[in-house]
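Mind docking chain B on chain R? Use the hints.
Quick note, the sequences are listed as chains R and B, same order. Residue numbers are given in this note's numbering: position 57 of the first sequence equals residue 57, and the series is strictly consecutive. Residue numbers are given in this note's numbering: position 99 of the second sequence equals residue 99, and the series is strictly consecutive.
Don't read these hints as lab results, they were simulated from the structure. Please note: incorrect hints may appear among the correct ones.
In silico DSS-like pairs for lysine-lysine, Cα to Cα no more than 30 Å straight-line [claimed, not checked]:
hint, chain 1, residue 1, chain 2, residue 2
1, B, K71, B, K17
2, R, K20, R, K55
3, B, K1, R, K64
4, R, K64, R, K20
5, B, K17, B, K57
6, R, K64, R, K14
7, R, K41, B, K57
8, R, K55, B, K1
9, R, K41, R, K14
10, B, K17, B, K1
11, R, K66, B, K1
12, R, K41, B, K71
13, B, K1, R, K41
14, R, K14, R, K66
15, R, K41, R, K66
16, B, K17, R, K41
17, B, K1, B, K71
18, R, K20, R, K41
19, R, K64, R, K41
20, R, K55, R, K66
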Amino acid sequence: GAVVSQHPSRVICKSGTSVKIECRSLDFQATTMFWYRQFPKQSLMLMATSNEGSKATYEQGVEKDKFLINHASLTLSTLTVTSAHPEDSSFYICSARGALAGGLNEQFFGPGTRLTVL
Amino acid sequence: KNQVEQSPQSLIILEGKNCTLQCNYTVSPFSNLRWYKQDTGRGPVSLTIMTFSENTKSNGRYTATLDADTKQSSLHITASQLSDSASYICVVGRTGANNLFFGTGTRLTVIP
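The following block holds chain R by itself, in its conformation from the complex:
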């Protein structure tokens, strides 16, 4: 159990376009989803936390108007990178936490999405 999927796994886009990444919890209801960004040879950096049905909470330095997060259901959250630029090229990973996780603040990670902006 506790499977989290992401789509797409890879995306290449032109500078200035917008890209949407989906994160789904396949076998449990995710009350909270997290979005991370990881640059090469660095650790995961939390971008934002979203609870189902409410606005996302963004970490300091993350532009909420650039990285739009929607958590409309208990199994789906989306991250839209608007007006993408080459410096947005990174590995984006989501994680989900829900009833399956118990009381240990357990998060289950998706496989990640590699975004390349030309």
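Then chain B, alone, in the frame of chain R:
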């Protein structure tokens, strides 16, 4: 400041050998510590998770230890396999908080 530090940054070992990875943290108040394995281009996969009261936990050939007094943890891998080549990330959770604190990882390479 809440930090998680791992050592070594990278490690190369021969197939079949054992190795130990280290993690020191200053996260407070401490809730739990977990070790993840992350293959290149993939998301992290949980290996072990320990709370304050646990000082060791095993998952197959992986054994994690936790000393909450010294705020140190280790991950021991026995009889390494080529498929163990990956980054191993130490992550610490804080009581009453959503966020996790990530170490920068140890890059393990197992060679034949």
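Ascending list of hint numbers which this structure does not respect: When the structure is compared with the hints, only number 10 turns out to be violated.
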